[in-house]
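> Now for the letters of each chain:
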Amino acid sequence: MQMLRSVHDPVGTATAVGFAVLGVLLIFQSQRMSAMGSVFPITISAAMTLLALVLVIRNVVLGLRGITPKPASGGGEGGVSGGSNLRRALFVALMAAWIALLPILGFYVASVIAFFAIMIVATHERLSPMQIAILIALGFAILTGFYLLMANVLLIPMPRGLFF
Amino acid sequence: MSGKRDVREEPATESFPLPTHCSGLPMEKLVYLFDALSVMNLVLALGGVVAGILIGALPGLSATMAVAVLVPFTFTMDPASGLIVLGAIYTGAIYGGSYSAILVNAPGTPSAIATTFDGFPMAKRGDGALAVSLATLASVVGGLVGALMLMFLAPPLAQVALAFGPPEYFWLAVFGLTLISALSVGNLLKGLIGACFGLLLSMIGIAVVGADVRFTFGSQMLVGGIDIVAGLIGLYCIPVLIDLVATRDPHLKVESDSSGFRLGESFAIVMRQKVNMIRSAVIGTVVGILPGAGGSVASLVSYSEARRSSKTPENFGKGEPGGIIATEAANNATVGGGFIPTLVLGIPGTPPDAVILGALLVQGIKIGPQLFQSQGSIVYTFIFGLLIGTLLMLPVGLVVGRYAYKSIVAIPKSALVPTIAFLTVIGSFAIHNNLHDTAVMLTLGVIGWVLNRAGFTPSPIVLGLVLGQIAEQGFVQAYLIGNAQGNVLGQFFGRPISLAIAVFAILTLFYPLIAKAIGAARARKSETDTTVESRDADA
Numbered sequence: 001m002q003m004l005r006s007v008h009d010p011v012g013t014a015t016a017v018g019f020a021v022l023g024v025l026l027i028f029q030s031q032r033m034s035a036m037g038s039v040f041p042i043t044i045s046a047a048m049t050l051l052a053l054v055l056v057i058r059n060v061v062l063g064l065r066g067i068t069p070k071p072a073s074g075g076g077e078g079g080v081s082g083g084s085n086l087r088r089a090l091f092v093a094l095m096a097a098w099i100a101l102l103p104i105l106g107f108y109v110a111s112v113i114a115f116f117a118i119m120i121v122a123t124h125e126r127l128s129p130m131q132i133a134i135l136i137a138l139g140f141a142i143l144t145g146f147y148l149l150m151a152n153v154l155l156i157p158m159p160r161g162l163f164f
Numbered sequence: 165m166s167g168k169r170d171v172r173e174e175p176a177t178e179s180f181p182l183p184t185h186c187s188g189l190p191m192e193k194l195v196y197l198f199d200a201l202s203v204m205n206l207v208l209a210l211g212g213v214v215a216g217i218l219i220g221a222l223p224g225l226s227a228t229m230a231v232a233v234l235v236p237f238t239f240t241m242d243p244a245s246g247l248i249v250l251g252a253i254y255t256g257a258i259y260g261g262s263y264s265a266i267l268v269n270a271p272g273t274p275s276a277i278a279t280t281f282d283g284f285p286m287a288k289r290g291d292g293a294l295a296v297s298l299a300t301l302a303s304v305v306g307g308l309v310g311a312l313m314l315m316f317l318a319p320p321l322a323q324v325a326l327a328f329g330p331p332e333y334f335w336l337a338v339f340g341l342t343l344i345s346a347l348s349v350g351n352l353l354k355g356l357i358g359a360c361f362g363l364l365l366s367m368i369g370i371a372v373v374g375a376d377v378r379f380t381f382g383s384q385m386l387v388g389g390i391d392i393v394a395g396l397i398g399l400y401c402i403p404v405l406i407d408l409v410a411t412r413d414p415h416l417k418v419e420s421d422s423s424g425f426r427l428g429e430s431f432a433i434v435m436r437q438k439v440n441m442i443r444s445a446v447i448g449t450v451v452g453i454l455p456g457a458g459g460s461v462a463s464l465v466s467y468s469e470a471r472r473s474s475k476t477p478e479n480f481g482k483g484e485p486g487g488i489i490a491t492e493a494a495n496n497a498t499v500g501g502g503f504i505p506t507l508v509l510g511i512p513g514t515p516p517d518a519v520i521l522g523a524l525l526v527q528g529i530k531i532g533p534q535l536f537q538s539q540g541s542i543v544y545t546f547i548f549g550l551l552i553g554t555l556l557m558l559p560v561g562l563v564v565g566r567y568a569y570k571s572i573v574a575i576p577k578s579a580l581v582p583t584i585a586f587l588t589v590i591g592s593f594a595i596h597n598n599l600h601d602t603a604v605m606l607t608l609g610v611i612g613w614v615l616n617r618a619g620f621t622p623s624p625i626v627l628g629l630v631l632g633q634i635a636e637q638g639f640v641q642a643y644l645i646g647n648a649q650g651n652v653l654g655q656f657f658g659r660p661i662s663l664a665i666a667v668f669a670i671l672t673l674f675y676p677l678i679a680k681a682i683g684a685a686r687a688r689k690s691e692t693d694t695t696v697e698s699r700d701a702d703a
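Residue numbers (this note's numbering), protein chains in the order written: chain Y, 1 to 164; chain C, 165 to 703.
Calculated from the structure, these hints are not laboratory results. Keep in mind that a hint or two might mislead.
What the hints assert, rightly or not - Here are some chain C residues the structure puts well away from chain Y; computed CB gaps all over 10 Å:
#1 555
#2 654
#3 689
#4 692
#5 699
What the hints assert, rightly or not - Here chain Y is said to cover these stretches of chain C; the calculated rule only asks that three of the stretch's residues, wherever they fall, bring their Cβ under 8 Å from a Cβ of chain Y:
#6 486–497
#7 640–653
Claimed, not checked - Here chain C is said to cover these stretches of chain Y; the calculated rule only asks that three of the stretch's residues, wherever they fall, bring their Cβ under 8 Å from a Cβ of chain C:
#8 44–50
#9 54–67
#10 81–95
#11 115–124
#12 140–150
For every residue, glycine included, the Cβ atom is placed at its ideal position computed from N, Cα and C.
Throw the hints in and build the complete structure from the sequences for me.
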């Protein structure tokens with residue numbers, strides 16, 4: 001544990017170990033394929049494993065020298081740090097439940113339930129009854145409008161379950 | 165509508181009609197211009213552009229879908245009018261993809277992937293209106309360049325499609341992948357690992373050569389592979405939503421000086437970036453000609469070139485206007501470029517071109533090198549219609565874009581998050597009317613968020629996913645051909661076009677190092693000169 005703490009960029013290093021393991025696993029998987037089907041996967045898996053190991057070694061060496069990681073650069077791609085992890089987990093769980101319920105309840109009904117549940121998770125301030133009414137009306141307008149566009153204009157067969 | 169017109173049959177030349185076509189028949193072309201300017205054609209072009217923009221702006225709804233849905237309606241129109249509607253929808257949809265890329269970091273179409281690199285950072289810092297205006301101007305110029313090249317240079321440019329074989333496609337994909345060096349400033353290793361991961365994701369399912377079932381781990385869901393659009397929505401949009409629910413902060417900053425479209429500022433930037441814009445439009449047209457390459461490859465290659473030739477490459481990926489201009493000029497130029505092999509050779513350059521090719525055949529139009537002579541009235545009226553549709557994109561795009569930006573800024577987070585989440589679900593489902601794509605979208609989104617936390621940004625993964633199939637198919641086919649000829653290396657390095665692309669790819673990849681070395685050498689030289697001058701002065 002102490003060793004892990006002393007590693008430069010521990011999260012990145014642990015992920016690189018994961019990539020190296022995945023690369024080895026995929027190389028073994030590729031052995032069962034035909035020569036033509038396996039040449040590219042083996043090459044790329046080997047490259048990923050090699051690069052991941054280089055990253056791990058680099059981070060261990062930098063950690064031993066006591067060099068701390070620089071803040072991430074590269075513009076707009078860095079995620080937001082801080083905030084509520086509970087809300088994040090709830091959002092992901094609701095999205096998964098939404099997709100699971102689509103064939104059971106039908107597209108529209110499942111979407112209404114999930115839409116308003118996510119709305120609650122995304123709301124950080126107390127809302128007046130008027131604001132709540134506006135948000136509910138807006139939600140139904142968006143859901144109904146897009147559903148009708150998909151089902152009746154673009155003629156996409158929407159999933160049907162117990163309802164529609 | 166002008167009603168059904170007789171197709172003007174003109175004597176076809178026996179040889180390849182390059183000289184006649186290039187020299188052109190100005191007066192006759194003017195007649196076609198007036199045909200295209202009929203009230204009905206203008207209304208159809210306007211309607212097509214608006215419909216295309218709205219459909220393209222929704223992630224998951226592609227230009228192909230928009231064109232395919234509306235093809236049956238065009239059968240009741242005369243051929244030129246029908247083609248004008250389809251062309252306007254197509255060009256509008258490619259442009260519309262930039263809205264969601266800029267405003268919610270979700271490319272509406274794969275062509276707009278590179279628009280997210282600088283568009284979203286600009287919107288986040290409060291320059292969303294400027295980004296939308298730049299995207300509009302660049303899209304219009306790119307579209308015009310593509311359409312003009314279609315009008316004046318179609319037959320010779322169609323030969324480019326025939327000159328591109330598997331090794332050229334392979335090197336083109338590698339050229340696109342060199343963008344990783346630009347997108348991973350500060351940690352190239354992580355960028356390369358992410359790209360490998362994306363390439364491996366692109367191999368899931370049935371192999372393009374050999375038909376092996378790969379990396380499905382026994383899951384039926386993965387046999388069809390990972391759809392690029394589902395991957396894009398997941399990797400770009402879901403991480404933004406996960407972070408959006410966690411804090412009170414607004415999605416985008418509001419401009420302190422909300423001065424409308426910021427057109428003056430946009431024109432000034434576009435004028436400064438005119439070389440970048442024209443070069444990107446030409447790249448877009450040429451890549452559009454290549455069957456299967458399309459707007460995503462064109463925009464990535466142009467972005468890479470724009471960054472390589474920029475005086476401030478370090479600003480790319482952080483909200484550099486030149487990045488948006490390169491991407492949007494290139495992807496809209498692919499519309500005109502894609503029509504070149506479609507009309508001249510009967511080989512569709514992009515998926516929407518394939519749908520339009522079907523519509524042309526139903527209308528009884530004979531595709532081929534003689535088309536511009538034998539059915540010039542339809543072809544030229546259509547090309548003028550495409551030019552008019554592209555010009556109409558300017559006012560329509562600015563108004564819709566401004567409205568979209570204001571709506572995204574004004575809408576409370578409580579409504580914005582579930583609305584974008586709904587669009588991700590409906591958009592990923594609509595790709596193949598399949599919930600598996602929706603599940604893949606969410607899974608990739610969560611993986612993308614976790615990897616982003618560890619410093620593995622989504623763009624290299626997306627690059628690998630988008631370019632993987634093109635790279636693999638090109639590599640394996642070139643290897644097979646080279647092996648059969650007993651000259652594998654000659655396949656990859658012995659053909660002039662593939663060699664040129666390979667050199668550009670290597671230059672782009674190592675450009676930061678080369679530029680650094682040149683800068684250091686210049687600094688040393690000027691230092692030496694100063695020392696010598698001071699010694700001379702002392703003497």
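> Does each hint hold? Answer for all of them.
Results of checking the hints against the structure:
Against the 10 Å criterion, residue 555(C) stays outside the reach of chain Y, whose nearest CB is about 27 Å from its own CB. Every beta carbon of chain Y lies more than 10 Å from that of residue 654(C), the smallest distance being close to 19 Å; the non-interface claim holds. The non-interface label for residue 689(C) is consistent with chain Y: the shortest C-beta to C-beta separation is roughly 30 Å, beyond 10 Å. Every CB of chain Y lies more than 10 Å from the CB of residue 692(C), the least distance being 33 Å, so the non-interface label holds.
The Cβ of residue 699(C) lies farther than 10 Å from every Cβ of chain Y, with a closest approach of about 41 Å, so its non-interface assignment holds. For the segment 486–497 of chain C, the assignment as covered by chain Y is violated, since 0 residues bring a beta-carbon within under 8 Å of that chain's beta-carbons and 3 are needed. Only when three residues or more bring their CB closer than 8 Å to a CB of chain Y does the claim for the segment 640–653 of chain C stand; here the count is 3, and the claim holds. Only residues whose C-beta sits within less than 8 Å of a C-beta in chain C count toward coverage, and the segment 44–50 of chain Y has 4 of them, enough to reach three; the restraint holds.
Given a C-beta distance limit of less than 8 Å, the hint that chain C covers the segment 54–67 of chain Y holds, as 3 residues qualify and 3 suffice. Counting residues of the segment 81–95 of chain Y whose beta carbon lies closer than 8 Å to any beta carbon of chain C gives 10, which meets the minimum of three for the stated coverage. Counting residues of the segment 115–124 of chain Y whose CB lies closer than 8 Å to any CB of chain C gives 8, so the stated coverage by that chain holds, three being the minimum. With a threshold of 8 Å between beta carbons, the proposed coverage of the segment 140–150 of chain Y by chain C holds, since 4 of its residues qualify and at least three are required.
Checked against the numbered hints given earlier, this structure breaks only hint 6.
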